[in-house]
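Colleague: The lines below spell out each chain.
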Amino acid sequence: MPKKSLMLGNHAIARGLYEAGVTVVSSYPGTPSTEITFATAQYKDVMHAEWSPNEKVSCEVAVGASVAGARSFTGMKHVGLNVASDPLYTFSYSGVGGGLVIAIADDPGMHSSQNEQDSRRHAIASKCLMLEPADSRECLEFTKKAYDLSEEYDVPVLIRLSTRISHSQGIVELNERVERKLPDYKKDAAKFVMMPAFARGRRVVVDERERKLAEYAEVTPLNVIEDNNSDIGIICAGTTYQYSKEALGDKANYLKLGMVNPLPTELIKKFAEKVKTLYIAEEMDPIIEQHCKAIGLEVKGKEVFPRIGEYSQSIIRKAVSGESFESNDFCEPITVRPPVMCAGCSHRGLFYVLGKLGVMVNGDIGCYTLGATPPLSAMDTCICMGAGVSALHGFNIARRRSGEEPGKTPAIGIVGDSTFVHSGITGLINIVYNQSNSVVIIADNSITGMTGGQNTPANGRDIYGNSAPSIDLELMCKACGVNRVTVINPGDIEECERIIRQELEAGEASVIIARKPCSLLKTFEKKPPLQVTPEKCTGCKICLKICCPALSFTDKKATVNQTLCVGCGVCSKACKFGAFTGGKNS
Amino acid sequence: MKTTSIMFVGVGGQGTLLASRIVGHVLLEQGFDTKVSEVHGMSQRGGSVTTYVKYGDKVHSPIVDTGEADYIVGFEQMEAARWLPYLAKGGKMLINTQKLPPMPVITGATQYNQDIVGKIESAGVGVVSLDALELAEKAGSPRSVNVVMMGSLSRELGFEEKLWIEAIRACSPPVALECNLKAFEFGRNSITV
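Protein chains in written order, with this note's numbering: chain A, -6 to 579; chain B, 190 to 382.
One chain only, chain A, in its complex shape (with noise of 0.2 Å):
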């Protein structure tokens, strides 16, 4: 009997790439997605895996990969894809050489996300393949299932994960891998030169690969027709699938669908005239409604169910049937907890200087981020990785134009490590070219933070954690054009203030790299924790301003958490009478 183990999703997905015989995984991490490829280093004896510097060059690692004739993986977040749009639009044109398939984790809720896209959109407009686990088991076997199918129809597979699926663990059944045998590479530039003249007629292989999967969608056992009670018809995928059931159980009949592009037209007219009523249940965009609307069918769905964030048993429960259990309500407010920087954060002292300054902060994406909340309150934009970088030349240069004196409105931009070798670096060559002079501060923890510490181009370590070659920060901002590059220690308070001044008045482009590790970090030195002197506290509170986690205020003296305090020492710095003894001041 084969051995059955408790998974996560997405590592779920990573066993699925080891016995499909995957030998080539290139990602970027992104929550929900990251764990799949972190998982598949444990297969180190038979595939590769490896972190690359964003989703348009994982993506293409594995395009490449295909062309040689392997099965390769990529997988990512659904704002990774976007940066990834550009090789899979066009590779989708070519087919595939060996399998590729590509795993996309949706984040309905925005539980770690900037956006709440639908990644079954690019599906459609990629012409792609694309799959719906929804549950750990299915994880495993749609991923087996896709690299099947990518080979028969010659076209990349996408698979859709949402955050409950991948970070959901089920039961899986564990089964060996089946190697494949790597196939003499032969040139096809007709299928792989995507220049006009092949183009063109890759389009038209393209049109007729639609068509013959608009075939397969009918019959495909990944779409499921379960009969139970003909009065409520539900459609539904992936986690969709797993709450109606809770919430109806043989109460209805359902229509589950494995592969959501393309959908079905015979099978869901099919599975419509059997029911008096028909429910569509899916997150985010009405893409199976809309599709069974032009089909000319009735249907209830986002009138009834809900436009924005996740669904719930009871969401679909209380839609369909009104029913809603009872529960007890805690008798006063509970304040929210927000999530903060951990205790001993290289940033932290950063965003306190930040915020003292008053300048305009153009954030970016990664653990930095958690600088815009009270009380640091230090950050005016977050758009997407990189965009500290770029659009801060364009707020600077909009000012500007204005007739604006220099130093009215001072901005600086602010990119992590990790971000700005995914994209920061080319817009910081722009500020260079184009001439805004602007402040780029780069957060170097030394480490991709948010997503649980995955290794990067820049701090020496692969994905195995062995020693690898490293990109120097500074060389790279002076091969950039920048002649002034400062390193400075976001711990000492007082030396961000000071040069943060100091560039913003240079009047030319400038880094300043602001270097500390990661508090997480295995190799982080804790120091002893803090004291307070009561008699030296007055109780100002300046203290409470850096939004440390294991300071408190009681009986009118702050006071630190001898668990939680690592000694970083920032706290005392910020004091001005003296109160706080130990840690890196002692």
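Some hints here could point you the wrong way.
[To be verified] Stretch by stretch, here's where chain B covers chain A in the computed footprint (C-beta under 8 Å, at least three residues): (1) 301 to 307; (2) 320 to 331; (3) 363 to 375.
[Unchecked claim] Below, a list of computed lysine-lysine pairs in the DSS-like style, where the Cα atoms sit at most 25 Å apart: (4) Lys311/A - Lys278/B; (5) Lys247/B - Lys(-3)/A; (6) Lys308/B - Lys278/B; (7) Lys(-4)/A - Lys351/B; (8) Lys351/B - Lys519/A; (9) Lys519/A - Lys288/B; (10) Lys295/A - Lys244/A; (11) Lys288/B - Lys550/A; (12) Lys137/A - Lys205/A; (13) Lys(-3)/A - Lys351/B; (14) Lys288/B - Lys244/A; (15) Lys288/B - Lys538/A; (16) Lys288/B - Lys549/A; (17) Lys(-3)/A - Lys191/B; (18) Lys244/A - Lys191/B; (19) Lys244/A - Lys247/B; (20) Lys520/A - Lys327/B; (21) Lys311/A - Lys247/B; (22) Lys371/B - Lys327/B; (23) Lys247/B - Lys(-4)/A; (24) Lys534/A - Lys247/B; (25) Lys520/A - Lys288/B; (26) Lys520/A - Lys569/A; (27) Lys311/A - Lys191/B.
Treat the hints as calculated values from the structure; they're not laboratory data. All values derive from a computational prediction rather than experimental measurement. Idealized CB from N, CA, C, for every residue including glycine.
Keeping the supplied structure of chain A fixed, place chain B upon it in accordance with the hints.
Modeller: Coordinates of chain B only, in the frame set by chain A:
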């Protein structure tokens, strides 16, 4: 059998993930269909975190919704109160009496709620409360609060003790194992403080 639903609620960094993996291990060994839903990413940075554990003959939804939890294991008082609406009628709460003030309390913008355990009890909810931090420190590390709470939960769920011990052995990092085994015993043998 009916699906049993458990929620672990706490503050990012308190180890709810390891706790859920220990229970998941026990449930898999018992032969149940099991789902464990975790939260990763931003809220792990000191935010309010929830983990769902469900088991039975067949589990569909990986999440627990309002009014559905048979047990809520509160790793922190305020978090226990926050998730009270998720407890089913007749459900039970296991609460670590530890307090971790959130940032708005630290800055003085709001107050930490008083007498949370008493207020939950007066809502007619069955509560087991214990000072898991003290027990964890006694076991050797304040980081073992999560395993103390698993000890307390193990009394409620009633599977064989040796299964729990095996699960702790399988899920603990080697350096923390001895401390975790002690923490489990302390949690299992504590009644109410």
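Colleague: For each hint, tell me whether it holds in the structure or not.
Modeller: So, going through the hints one by one against the coordinates:
Under the rule that three or more residues need a Cβ within less than 8 Å of chain B, the assignment of the stretch 301 to 307 of chain A holds, with 3 such residues. Look at the stretch 320 to 331 of chain A against chain B: 11 of its residues bring a Cβ nearer than 8 Å to a Cβ of that chain, three or more, so the hint holds. With a threshold of 8 Å between beta carbons, the proposed coverage of the stretch 363 to 375 of chain A by chain B holds, since 4 of its residues qualify and at least three are required. Of the pairs offered as hints, the one joining Lys311/A and Lys278/B holds, with about 18 Å between alpha carbons and a cut-off of 25 Å not exceeded.
Our distance criterion of 25 Å between C-alpha atoms is met by Lys247/B and Lys(-3)/A, whose separation comes to about 16 Å. Between Lys308/B and Lys278/B the CA atoms are separated by roughly 16 Å; this keeps the pair inside 25 Å, and the hint holds. Straight-line distance between C-alpha atoms of Lys(-4)/A and Lys351/B comes to about 22 Å, which keeps the hinted pair within the 25 Å bound. This hinted pair does not check out: Lys351/B and Lys519/A have alpha carbons roughly 36 Å apart, beyond 25 Å.
Distance check on the hinted pair: Lys519/A and Lys288/B sit about 24 Å apart at the alpha-carbon level, within 25 Å; holds. Proposed proximity of Lys295/A and Lys244/A is supported: the alpha carbons are some 21 Å apart, at most 25 Å. Restraint check: the Cα-Cα separation between Lys288/B and Lys550/A comes to about 18 Å, which is no more than 25 Å; the hinted pair holds. Our distance criterion of 25 Å between C-alpha atoms is met by Lys137/A and Lys205/A, whose separation comes to about 20 Å.
Distance restraint check for Lys(-3)/A and Lys351/B: the Cα-Cα separation of roughly 20 Å lies within the 25 Å cut-off, and the hinted pair is therefore satisfied. About 44 Å separates the Cα atoms of Lys288/B and Lys244/A, which puts this hinted pair outside 25 Å; it is violated. A threshold of 25 Å between alpha carbons decides the hint, and for Lys288/B with Lys538/A the separation of about 21 Å falls inside it, so the pair holds. For a cut-off of 25 Å, the pair hint linking Lys288/B to Lys549/A stands: about 18 Å separates their Cα positions.
Between the alpha carbons of Lys(-3)/A and Lys191/B the distance comes to roughly 22 Å, so the proposed pair stays at or under 25 Å and holds. Our distance criterion of 25 Å between C-alpha atoms is met by Lys244/A and Lys191/B, whose separation comes to about 17 Å. Of the pairs offered as hints, the one joining Lys244/A and Lys247/B holds, with about 16 Å between alpha carbons and a cut-off of 25 Å not exceeded. Proximity of Lys520/A to Lys327/B is assessed by CA-CA distance (about 23 Å); at most 25 Å being required, the pair is judged to hold.
Taken as a hint, the Lys311/A and Lys247/B pair is honoured in the structure, with Cα atoms around 22 Å apart against an allowance of 25 Å. Our distance criterion of 25 Å between C-alpha atoms is met by Lys371/B and Lys327/B, whose separation comes to about 9 Å. Between Lys247/B and Lys(-4)/A the CA atoms are separated by roughly 19 Å; this keeps the pair inside 25 Å, and the hint holds. With a C-alpha separation of about 53 Å, the suggested pair Lys534/A and Lys247/B falls outside the 25 Å cut-off, and the hint is violated.
As the CA atoms of Lys520/A and Lys288/B are separated by approximately 24 Å, the hinted pair is consistent with the 25 Å bound. Restraint check for Lys520/A and Lys569/A: satisfied, since their Cα atoms lie roughly 22 Å apart, inside the 25 Å limit. Annotation: proposed proximity of Lys311/A to Lys191/B holds, straight-line Cα distance about 21 Å (limit 25 Å).
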